[in-house]
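Visitor: Each chain is listed here by its residues.
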Amino acid sequence: MMRGLSVTVTEADDERRFLRRLQARDEHAFNELVQLYEGRVYRLVLRILGKPDEAEDMAQDVFVAVFRSVDKFRGDSKLSTWIYKIAINLCKNRGRYWSRRPSEAAEDLGDVEEKGWLEEGPARTTAELSAPDQHVQGYQVEEIVRRCIQELGPDYRDVVVLRDVEELRYEEIVEITGLPEGTVKSRLHRGRALLKARVSRLLGEKIE
Amino acid sequence: MTEADEENGPDSGHDEIRSLVKGAFRGQQEDRVDVLAGVQAKIYDRSGGKFFSDGWSTSRTPPISTYLVTSWVMLLILAALYCVLAPISGEPKRVPTYPAPVRVIPATQ
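From first to last, the protein sequence lines stand for chains C and E.
This note's numbering numbers the first residue of the first sequence as 1 and each following residue consecutively.
This note's numbering numbers the first residue of the second sequence as 1001 and each following residue consecutively.
Honestly, I wouldn't trust all of these hints.
[Said to hold, decoys possible] Calculated lysine-lysine pairs in the DSSO-like style (CA-CA distance at most 27 Å, straight line): (1) C:85 / E:1022; (2) C:72 / E:1050; (3) C:196 / C:72; (4) C:78 / C:92; (5) E:1022 / C:196; (6) C:72 / E:1042; (7) C:51 / C:92; (8) E:1042 / C:85; (9) C:78 / E:1042; (10) E:1042 / C:92; (11) C:51 / E:1042; (12) C:85 / C:72; (13) C:78 / E:1093; (14) E:1022 / C:92; (15) C:196 / C:51; (16) C:51 / C:72; (17) E:1022 / C:51; (18) C:51 / C:85.
[Said to hold, decoys possible] Coverage of chain E stretches by chain C, computed from C-beta distances (three or more under 8 Å per stretch; other residues unrestricted): (19) 1014-1024; (20) 1041-1049.
If you're looking for bench data, these hints aren't it; they were derived computationally from the structure.
Note that the structure is a prediction, hence the values are computed from the model and not measured.
By construction, the Cβ of each residue, glycine as well, lies at the ideal position given by its N, Cα and C atoms.
Looking at chain E on its own, in the form it has when it is part of the complex (with noise of 0.2 Å):
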């Protein structure tokens, strides 16, 4: 560096080749990327499945309304089961139960 490039700083005198430099970069601001799902892959396998082991945690965003489906859907099924096999048991069988026989024994004198 010279002297001159010292006092002024090493920004100055290179006004042309800086923004051609930043020009040629400009169109890959707008660059989108996805590599949470390989980053979470990874680690699984090198951590031995310590991390990243249920499905929950490794989603980009946990799927909410796939469980509140399934949710949904079994309690629609218990329901269901509910509806048919209550006819069919109908009320239960009234049993006689009777007071066992009390035999009275004298007391011994």
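So here's chain C without its partners, still in its complex pose (with noise of 0.2 Å):
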């Protein structure tokens, strides 16, 4: 219990230390940032926004706003919850910014209908399948659940990713996105009632 405690305190003081550093504009210490984060950051504006070049570049984008900003940063919370709310609020910015424009929206989901590629048999991603035919029917449940969670509205899906694929705790998606518990709690039920339901139609199959 004492080592723990030891352990986190000297997290703590690091965090602050290295915060220090990033006020005081010290480049490499930023750098250090970038290289600790990148992966992380990338990984959740990509599963936002779906598209690997538009994360990439608005990763790049998370990481000049922390550079930006990070002397207004008071250490309140952890320095990646704080980083995870400025990603959210870009990519939520971002989504803004497409929608007033025409819509440059890739494949339909009503086309996957169409093709008909799924066949009958209970809906299960590539890691928890064997056969290479069984594997190819498990990237297609995967790219539907990928899309079906970007057709969310940016207050479901934001949740939804946090929780279920950051696997983040509710006080931490409280702070990133900034909203009462009890609204993260009921939008989260929420999307993933719509999720499933849009899962299910696509699947052919009813998920529990």
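Take the two lone chains and join them into the complex the hints point to.
Guide: Okay, structure coming up:
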């Protein structure tokens, strides 16, 4: 117990020291920060935006925003939570920007239904399958789930990604989204229900 | 949310969809990306060249080997020049120097 506590205190001290270097605009410290978080930030924005090129550009913008506003960060939350918060806000802004422009949306989900690539059978992802043809089917299921998530409204999509993919705690999601815990939970519930309905419709089978 | 959901927490009753969501992104866990150079370029542009303007701090790892090699090459060039020029220059020519003549002025009374 004591050991765990001392480790936590040391980590907090390290983070404070690191933060001071960042706030002093230490370029080496910033390089370390980017190297430490680039994978996590990139994957988060990729899961939200769904396009690798756009996700890479967005991940860069997230770190530029971090560099610009790090002196305003008071250390009230974990650095990672604050970076996630910036990432989520920038993704929302990008989504609003795209929604005002003529749709460049890729393949419609309707095409997936028309192609009829899915055979009858229970929905399983590639990790749960063994035979090659089952793998193909698994990839299709994964693709459908990813598309359905991106087609959820940002309010639902963000909480579903943060909770079910990133596996963050509710307190962290509350800090990142700035929403009350009750709202986070109800959006999560509603988002999953919407997702379940969409995926069930496309797969042609009921998901519990 | 129903009362049952409130009691059991929002995660209950969604096991299959949660598993599908998690599985859909499992392949991306290993995705690697290198955004450092792009971030540095953007900050350099937007700060008007104030930050990340030197080649040392903008690289992912400081190019220590480049600096070491450059130093050694410079030393070798200086040593080679010394070896070539030293024999040519030879010994310095001796210039006879005599003390200036001293004229004794008798003291006046």
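Visitor: If a hint holds in the structure, say so; if it does not, say that too.
Guide: Now the hints, each set against the structure:
1. C:85 / E:1022: 21 Å, holds
2. C:72 / E:1050: 20 Å, holds
3. C:196 / C:72: Roughly 40 Å separates the two Cα atoms, so the pair is violated.
4. C:78 / C:92: 21 Å, holds
5. E:1022 / C:196: Between residue 1022 of chain E and residue 196 of chain C the Cα gap is close to 13 Å, so the pair holds against 27 Å.
6. C:72 / E:1042: 20 Å, holds
7. C:51 / C:92: Given that 27 Å is the threshold and the Cα spacing comes to 15 Å, the pair holds.
8. E:1042 / C:85: 21 Å, holds
9. C:78 / E:1042: 25 Å, holds
10. E:1042 / C:92: 21 Å, holds
11. C:51 / E:1042: Judged against 27 Å, a Cα distance of about 21 Å means the pair holds.
12. C:85 / C:72: 14 Å, holds
13. C:78 / E:1093: Outside the cut-off at roughly 76 Å; violated.
14. E:1022 / C:92: Roughly 22 Å separates the two Cα atoms, so the pair holds.
15. C:196 / C:51: 23 Å, holds
16. C:51 / C:72: Answer violated: residue 51 of chain C to residue 72 of chain C is near 31 Å, above 27 Å.
17. E:1022 / C:51: 18 Å, holds
18. C:51 / C:85: Holds. Residue 51 of chain C to residue 85 of chain C sits at ~20 Å (cutoff 27 Å).
19. 1014-1024: That given contact holds, which follows from 11 residues of the region 1014-1024 of chain E lying within Cβ reach (below 8 Å) of chain C.
20. 1041-1049: holds (count 3)
In this structure, the hints that do not hold are numbers 3, 13, 16, in rising order.
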